[in-house]
Amino acid sequence: MNDTIIKLSRNTDRAPISATSTQSVAFSHYNNISAQLPIDSKTGTLVAADITAQAKQCLDNIKAIVESTEHLMDDVIKINVFLKDIADMTAVDTVYRTFFSDYLPTRNVVMVAELPMSGALVQMDALLSNGEGTHPQAPCEL
-2 MNDTIIKLSR
8 NTDRAPISAT
18 STQSVAFSHY
28 NNISAQLPID
38 SKTGTLVAAD
48 ITAQAKQCLD
58 NIKAIVESTE
68 HLMDDVIKIN
78 VFLKDIADMT
88 AVDTVYRTFF
98 SDYLPTRNVV
108 MVAELPMSGA
118 LVQMDALLSN
128 GEGTHPQAPC
138 EL
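To convert, note that position 126 of the sequence shown is 123 in the numbering used here; the numbers rise steadily by one, no gaps.
Each hint should be verified, as a subset may be incorrect.
Stated by the list, open to error - The calculated lysine to any residue pairs, modelled on SDA-like cross-linking and capped at a C-alpha distance of 25 Å, are:
no. : residue 1 : residue 2
1   : Lys39     : Thr95
2   : Lys53     : Arg104
3   : Lys39     : Asp10
4   : Lys81     : Tyr27
5   : Lys75     : His26
6   : Lys60     : Ile74
7   : Lys39     : Ala84
8   : Lys81     : Val106
9   : Lys39     : His26
10  : Lys81     : Ser65
11  : Lys81     : Ser126
12  : Lys75     : Arg94
13  : Lys53     : Ser65
14  : Lys60     : Pro102
15  : Lys60     : Thr40
16  : Lys60     : Thr49
17  : Lys81     : Asn29
18  : Lys39     : Arg104
19  : Lys39     : Pro102
20  : Lys39     : Tyr100
21  : Lys75     : Ala117
22  : Lys60     : Met86
23  : Lys81     : Asn127
24  : Lys60     : Ile14
25  : Lys81     : His26
26  : Lys53     : Leu124
27  : Lys81     : Arg94
28  : Lys39     : Ile83
Calculated from the structure, these hints are not laboratory results. Just so we're clear, the structure is a prediction, and the values are computed from it rather than from any experiment.
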């Protein structure tokens, strides 16, 4: 067995860069995408205090990171959604389906008391498959 562990950490300026973590770390067949707050990478500020805009920004940030690794959103296999108010789930679902139109990755949704930025209503992280050609044999109906 090889005792060398290879990890690849990456950041892109197309999504907010954190001082405490990298945006993505690839290991083996997976790429872990750090949690994304609804921050506009150009301004460094939180987008509007609207759940639809915030959910879209979180997913835009994830998409920018995914594409910076030369993958597509179809390679996302899991999303974790952290919501301040579970009643916002319907609005999040509407935005979510615009990013995943061919299939839906697995997902966890957790209601939290606080998020790490004042005014944030949602935060999301993702797990990406690095395995090429690993699409399911037949996607389930949406």
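Evaluated hints:
no., hint, result
1, Lys39 with Thr95, "22 Å, holds"
2, Lys53 with Arg104, "16 Å, holds"
3, Lys39 with Asp10, "9 Å, holds"
4, Lys81 with Tyr27, "28 Å, violated"
5, Lys75 with His26, "14 Å, holds"
6, Lys60 with Ile74, "13 Å, holds"
7, Lys39 with Ala84, "30 Å, violated"
8, Lys81 with Val106, "11 Å, holds"
9, Lys39 with His26, "31 Å, violated"
10, Lys81 with Ser65, "29 Å, violated"
11, Lys81 with Ser126, "28 Å, violated"
12, Lys75 with Arg94, "14 Å, holds"
13, Lys53 with Ser65, "18 Å, holds"
14, Lys60 with Pro102, "14 Å, holds"
15, Lys60 with Thr40, "18 Å, holds"
16, Lys60 with Thr49, "16 Å, holds"
17, Lys81 with Asn29, "23 Å, holds"
18, Lys39 with Arg104, "28 Å, violated"
19, Lys39 with Pro102, "28 Å, violated"
20, Lys39 with Tyr100, "30 Å, violated"
21, Lys75 with Ala117, "21 Å, holds"
22, Lys60 with Met86, "20 Å, holds"
23, Lys81 with Asn127, "31 Å, violated"
24, Lys60 with Ile14, "14 Å, holds"
25, Lys81 with His26, "32 Å, violated"
26, Lys53 with Leu124, "18 Å, holds"
27, Lys81 with Arg94, "20 Å, holds"
28, Lys39 with Ile83, "29 Å, violated"
In this structure, the earlier hints numbered 4, 7, 9, 10, 11, 18, 19, 20, 23, 25 and 28 are contradicted, and the remaining ones agree with it.
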